Structures are given as structure tokens and as C-alpha cells.
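Undergrad: Sequence:
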Amino acid sequence: MRTAQINTAQHITTDMCALPGLKLALVVDGCADFAFNGLDCALGKTPGTTKNTGALINLVRPELCVQHCQPQTYAKTLSVYFSHDWLLQSLQNTPAQRLNMLEQHLSVHMWEPSKKALAIAQQILLTPVSGCGVPKLFLESRCIELISEALLSLLDSAPHCAGAMASPDERLIRAKALLDNCNCAPFSLQAIAERVGMSISSLQRHFQCNFHISVAQYHRQQRLKRAIDALKNEHITISQAADLAGYSNTANFSTAVKKKYGATPKQLQNTL
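Under the working numbering, residues 1 to 272 are what the sequence shown spells out, in order.
Quick caveat, the hints were computed from the structure, so don't treat them as lab data. Note that this is a predicted model, so its numbers are computed, not measured. Watch out, some of these pointers could steer you wrong.
[Said to hold, decoys possible] No farther apart than 27 Å at their CA atoms in a straight line, the calculated lysine-lysine pairs in the BS3-like style are these: (1) K51 <-> K76; (2) K45 <-> K225; (3) K176 <-> K225.
Please build the complete structure, drawing on both the sequences and the hints.
TA: Structure (C-alpha cells):
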């Protein structure tokens, strides 16, 4: 289990090695961005949304987890890891096809925590961590309640995913086209959901199921692609490309480009 309280006036990046297992990530207050080897997750009350978003992230092997905090960011975060052995033993009566997520590296299930779940997470954050005794049992029971709610959300969505992947909805194609043409306009998940006639939660769930990528991750991926295309073809500066991709810090932009393309912005710029 890992907790953090962030209140920063400048852009900061923290990283840690995440071990194999199922990671439950929640932002109790504020918002935060996590990245695992190019997989981005925007959690909490992100811009353009009114609801809190949590995530289940499955890791088959260790991965570097990077958390980005933008200037003037405030967030209380909670991350809990559950081993695959413990999960499979606890869910032994669940049909195997509904647990495919546990076999796929970096598979993600976005989840809208209930008020009760957020209250439980707040209790965990306020409880002193102890290696034994009543506090330890209390924390374990609270963590089990959280994973139970998140797994129910995962299992409830499994049949919908199977159907959605068979025939992509025209509304999802329209949503994808809107994201493709978003350019530098402020990203509003709520506005996109309204334009295609879907709720935010339905758009997030079905977009992930059909395209195997979250809406926020796809938006960032496309912005990064447009920035690199402009860097190579329109002779803009690296600083301008970083701004086009949504990065206020060129060093973070270079890191993202290196991870995605295996080369620095300068190297890509010189391939002309």
C-alpha cells in the first residue's frame, strides 16, 4: 500500500518500481497523472469531468510507475497492490474468461468509485501505518472493501466489453474523430461525451473496450503524434512542439518522445 499527499507550486515528477500484481489506484481529493511504460492514466476529478475516476492496472512484470504533478496541483492519492495468487484464490469460482485482465500486462479498467469507497480511502489515509495489531487488521479490511467494489465494477463490465469489441459503435468513431481533431483546444471529456450522445462513464468504458486505450491516453497520444509531425515537417522548435503536445516542460516532453519513438526530439528533428 502506498499513500501520498501532494501540494506543489511547480511541475514535479516522481517514480517508483511497481511490482507484478493488480494495482488499485485512487485519488481521494484533486487529480493526478500516472504513467506505466507509455500507458497514461488520469485519475481523480480530471479537467472536463465532474466525477472521480479510479483505475485497476494489471502488471505481469515489474514496471516503472511515474507520477506527473502539474503546477498548482493538490492531490491525495492511494495505491494498493494485490498479488495475482491472492486474487485468483479469492475469485476461484469466477469464470476464467471474466478474469482475462489478470493475464494481460498493462491492462486497465477505469472505475468510478462510490462515495463509500472514497470515504474508506480517506479512512486509510488518516490511519497510521503499523506493522501489526489492530491498525494493520483495520487497514487490510478497508483495502479488501475497496478491491471488492472495484472488482465488481470490472466483472459487471466484462460482458459489455465483449459485445462492444465485436462491432464498434458509430458514436465511438465520432468520439475518436473529435479527439483526432482536438489540436490545442482544451480537452473536455464531458463535452465530447455530450457531442456523441453518451455518458462520460459509458464513453470511457466502451472506448477502452473497442480501441484498447483510454480516452485520455488516446488524446495524449494524438497530441504527441501531431507535435512530432509538426517538428519534422513544419520546422517548429522543440519548445513549440512540447507546447503543442501539452507539456510545459521540454525535459518531460523529451522523455515522453524517447519512450514512444525511441529517439529524442532533436534526433527526430534531424531525420529530415
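Undergrad: It remains to establish, for every hint, whether it holds in the given structure.
TA: Cross-check of the supplied hints:
1. K51 <-> K76: holds, 16 Å
2. K45 <-> K225: holds, 26 Å
3. K176 <-> K225: holds, 15 Å
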